[in-house]
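What follows is each chain in one-letter form.
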Amino acid sequence: MFIRVKFTKTGAIRYIGHLDVMRYFQKCIRRAEIDVAYTGGFSPHQIMTFASPLSVGLESQAEYMDLKLNSMTSLQDIADALNAVSVPEIRIADVGLLPENAGNAMASVAAADYQIEFRAGKVPACLAAEGSEQSALDPDKCRAVIEKTLGRTEIPYTKVLKKGERILDLRPGILEFRFDEETNSLFLRCDASSAGNIKPIQVLESICAMEGETLAQYALLVTRLEMYTRTAAEEGAEGELIPMIGICEEHLA
Amino acid sequence: MMKTDFLALPDEILLSIDKPERYIGHEVNAVVKDLSQVQVRFAMCFPDVYEIGMSHLGIQILYDMFNSFEDTWCERVYSPWTDLDKVLREKKIPLFALESQSPVKDFDFLGITIQYEMCYTNILQVLDLAQIPLEAKDRTWDVPIVIGGGPCTYNPEPIADFFDLFYIGEGETQYRALLDLYKECRKNGATREEFLRKAGCLPGIYAPSLYDVTYNEDGTIASFLPRFPEMPKKIRKEIVGELDDTYYPMKPVVPYIKCTQDRVVLEIMRGCIRGCRFCQAGELYRPVRQRSVETLKRYAMEMLKNTGHEEISLSSLSSSDYTHLPELLDYLLEECSKRHINISLPSLRIDAFSLDVMSKVQDVKKTSLTFAPEAGSQRLRDVINKGLSEEVILSGAREAFEGGWTRVKLYFMLGHPGETDEDIVGIGDLANKIAAEFFDAVPKEKRVNGRVQIVVSTSFFVPKPFTAFQWAPQCSKEQFIEKAYTCRQGIASQLNQKSIKYNWHEADVSVLEGVLARGDRRLCKVIKRAYEKGCFYDAWSEYYKNDVWMETFEECGVDPDFYTVRERPDDEIFPWDFIDCGVSRKFLLQEWHNSKEGKVTNNCADKCSGCGAASFGVGICFAARS
Numbered sequence: 000m001f002i003r004v005k006f007t008k009t010g011a012i013r014y015i016g017h018l019d020v021m022r023y024f025q026k027c028i029r030r031a032e033i034d035v036a037y038t039g040g041f042s043p044h045q046i047m048t049f050a051s052p053l054s055v056g057l058e059s060q061a062e063y064m065d066l067k068l069n070s071m072t073s074l075q076d077i078a079d080a081l082n083a084v085s086v087p088e089i090r091i092a093d094v095g096l097l098p099e100n101a102g103n104a105m106a107s108v109a110a111a112d113y114q115i116e117f118r119a120g121k122v123p124a125c126l127a128a129e130g131s132e133q134s135a136l137d138p139d140k141c142r143a144v145i146e147k148t149l150g151r152t153e154i155p156y157t158k159v160l161k162k163g164e165r166i167l168d169l170r171p172g173i174l175e176f177r178f179d180e181e182t183n184s185l186f187l188r189c190d191a192s193s194a195g196n197i198k199p200i201q202v203l204e205s206i207c208a209m210e211g212e213t214l215a216q217y218a219l220l221v222t223r224l225e226m227y228t229r230t231a232a233e234e235g236a237e238g239e240l241i242p243m244i245g246i247c248e249e250h251l252a
Numbered sequence: 000m001m002k003t004d005f006l007a008l009p010d011e012i013l014l015s016i017d018k019p020e021r022y023i024g025h026e027v028n029a030v031v032k033d034l035s036q037v038q039v040r041f042a043m044c045f046p047d048v049y050e051i052g053m054s055h056l057g058i059q060i061l062y063d064m065f066n067s068f069e070d071t072w073c074e075r076v077y078s079p080w081t082d083l084d085k086v087l088r089e090k091k092i093p094l095f096a097l098e099s100q101s102p103v104k105d106f107d108f109l110g111i112t113i114q115y116e117m118c119y120t121n122i123l124q125v126l127d128l129a130q131i132p133l134e135a136k137d138r139t140w141d142v143p144i145v146i147g148g149g150p151c152t153y154n155p156e157p158i159a160d161f162f163d164l165f166y167i168g169e170g171e172t173q174y175r176a177l178l179d180l181y182k183e184c185r186k187n188g189a190t191r192e193e194f195l196r197k198a199g200c201l202p203g204i205y206a207p208s209l210y211d212v213t214y215n216e217d218g219t220i221a222s223f224l225p226r227f228p229e230m231p232k233k234i235r236k237e238i239v240g241e242l243d244d245t246y247y248p249m250k251p252v253v254p255y256i257k258c259t260q261d262r263v264v265l266e267i268m269r270g271c272i273r274g275c276r277f278c279q280a281g282e283l284y285r286p287v288r289q290r291s292v293e294t295l296k297r298y299a300m301e302m303l304k305n306t307g308h309e310e311i312s313l314s315s316l317s318s319s320d321y322t323h324l325p326e327l328l329d330y331l332l333e334e335c336s337k338r339h340i341n342i343s344l345p346s347l348r349i350d351a352f353s354l355d356v357m358s359k360v361q362d363v364k365k366t367s368l369t370f371a372p373e374a375g376s377q378r379l380r381d382v383i384n385k386g387l388s389e390e391v392i393l394s395g396a397r398e399a400f401e402g403g404w405t406r407v408k409l410y411f412m413l414g415h416p417g418e419t420d421e422d423i424v425g426i427g428d429l430a431n432k433i434a435a436e437f438f439d440a441v442p443k444e445k446r447v448n449g450r451v452q453i454v455v456s457t458s459f460f461v462p463k464p465f466t467a468f469q470w471a472p473q474c475s476k477e478q479f480i481e482k483a484y485t486c487r488q489g490i491a492s493q494l495n496q497k498s499i500k501y502n503w504h505e506a507d508v509s510v511l512e513g514v515l516a517r518g519d520r521r522l523c524k525v526i527k528r529a530y531e532k533g534c535f536y537d538a539w540s541e542y543y544k545n546d547v548w549m550e551t552f553e554e555c556g557v558d559p560d561f562y563t564v565r566e567r568p569d570d571e572i573f574p575w576d577f578i579d580c581g582v583s584r585k586f587l588l589q590e591w592h593n594s595k596e597g598k599v600t601n602n603c604a605d606k607c608s609g610c611g612a613a614s615f616g617v618g619i620c621f622a623a624r625s
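In the order they appear, the protein sequences are chains A and B.
Read left to right, the first sequence gives residues 0 to 252 (numbering that gives the first Met the number 0).
Read left to right, the second sequence gives residues 0 to 625 (numbering that gives the first Met the number 0).
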């Protein structure tokens, strides 16, 4: 059976790279004595898949990992056992039983939500409140810039690759973009699929470039809030976005 | 509790350096204490990069011990890598400990483990970045007591100026007394020197600033004496008597980043029965003491459970000599296979038993077997007292080839005292005979990759204190290179030379290692000057600056040859003679003479040779012999 585990990654642990988070969970699962399934051969490894890797330095409220188990007592026991042996910065937020036909976490990511804040002194002028020394957002300026951004038919972004450069169009990947009053930050829902993944920093760099500015280095404080998968497409209509855990018929939270 | 998300380095720095995980702490099993409940703060440092330092068992043992003391909080410190080193200097950020992320200079103690000579400049890097004066004489109560431990402290003299204290021997025994003395002295308003003077009277503790050295005209030592009458003329190493009854970390810290030693390490015994004459560890850790197999089984399971590591490794100087090895391995094989845990075997003596075990835990097609004959001829193996005969090597290799192995690694040293060209050519001969054994043992149709692969590696021999070869001349750089060339020629002329690959080490580093290993206090200024001129991470070949070191010796008026190429007379006073490691100088001298005559000495399991370690009253010296 496959289960899907949703976990947070916060605080100092934001500096742990993706591969090391995988290694962390391999050890965590052994400490928790979870009856995970292994591959065969001389170096058997746990059967696990992670959804879209999180860049180093970002926090997340919703990372996902799929695990193949031989047995378990209950979903709650899995969550409790993992939390008991985990560092405080990584918490198991939810565990669900995956349906037989579900695609794995990596392949089925469609979109992600991000909360975007700025480090003190690094808010771009086009978004910054007057007199805040580029340390606070101005809601009206944010709304105006976002409206302008969403109004564009094309948002070209030059991605630097190992072999030269590639020009992407970010616009189709921006699914929702708004100023969030409650948290006083920007909210971005964007494509996170393997084919069309875009990153918050790319969107903000493009905005700055359009406004004739350059985004300061290490300006963004980004938190991933949720990751989505898409339900099967109906005739003539694209599938619907649901949180990754949502395809589990049974889950805790 | 402390706020757990506080980091000493701002995001801009952590995001701009390689592997920020090295500097953030927060690992599983890292110990965090409430500072208001702590009276002694101990920073434990391994002066190399995190991945190396985190792999060291000794620190894990002491970390566990210190943190088991209610009044003490022990944290870890490693050498920042060169990228962060630059940033810390530029921004004047003081070096910090991982757990609290607070500056090392605010601690009561900075303990530094000194595992190899080539880390001496990194000690200065750590002190410098911590904003602690490099020389002990310039320090006040504003900075921690800097104390060194580990194998290199058996000759602490080349780094004596940089330490307030050295701990000679195994750390489990005297630290509690030292911390209590410290608390008392601080409470009573004692001066730093008063504390050091009292500390220097504790067993195993050496306070270098309170000893005076005088020299003869020829540069050798005339006298080495304490400045105060109550202080010991000789400092005897500390050891743990009963290994089942001491500290061992049941919850070792589990790093996020992949470290050199990414596994549970089970120390099965201390010391070695063998008595190879080149080997310092073999003398320093005498007498041999074993852990009971029951204790080890319990430790193994508990540590695997608490860490979640997917591998366990046995640690000792010679695991094949552990009395209950078959029972321990049988147990581990059974328990680990249930849990999908690998057993990483240390270099075992190759015989039917070890081959059987290895075939169970490794893919024989992918792994290689290791032999360490150390010398190419039987004559020279007798000189170095390496009890491994050609017959044993060849029959072990044959069995291995029959068992499916096709790769063999051979380790040798070049530059043993009395080595001749014939001995060196013997290396090629031996490798050739092993290859021939393969072609003889394995019929053509059964040869997996069609051929056998033999990798010969040579390092250069550096004489170390407290060995029979402490009197011996070390080869010059030119001699080393000449020997490597002879070895290569010897291999190239073999019939099976196509099956043999040859690797050799750089000679420069071995020369410097030799100077530092048998050096005296006059080297402190050279090390400090070399550091000031940019030398650190000398153990990393890409950062080793031989030309700067050689230039610094000249600038300081110190001749490296004095410490290396000279054969020392039998009665010369050595800089490390004030240390008593249990093995007597008389025994070592007798071994030096035996080596010149090619006379072998029994190992401890066969017969006691009277080395002196029995004076500790524990271990194999008192066990029944087979």
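Hints were generated in silico from the structure; no laboratory data involved.
Each hint should be verified, as a subset may be incorrect.
In the DMTMM-like style, the derived pairs of lysine to aspartate or glutamate whose C-alpha atoms are separated by at most 25 Å in a straight line are [unchecked claim]:
hint, chain 1, residue 1, chain 2, residue 2
1, B, K257, A, E58
2, B, K250, A, D19
3, B, K18, A, E132
4, A, K161, A, E146
Per the computed footprint, the stretches of chain A lying under chain B, defined by three or more beta-carbons under 8 Å from a beta-carbon of chain B, are [what the hints assert, rightly or not]:
hint, stretch
5, 21-30
6, 96-105
From the three backbone atoms N, C-alpha and C, an ideal C-beta is built for every residue, glycine too.
Legend entry - Non-conforming hints, listed in increasing numerical order: 3, 4 and 6
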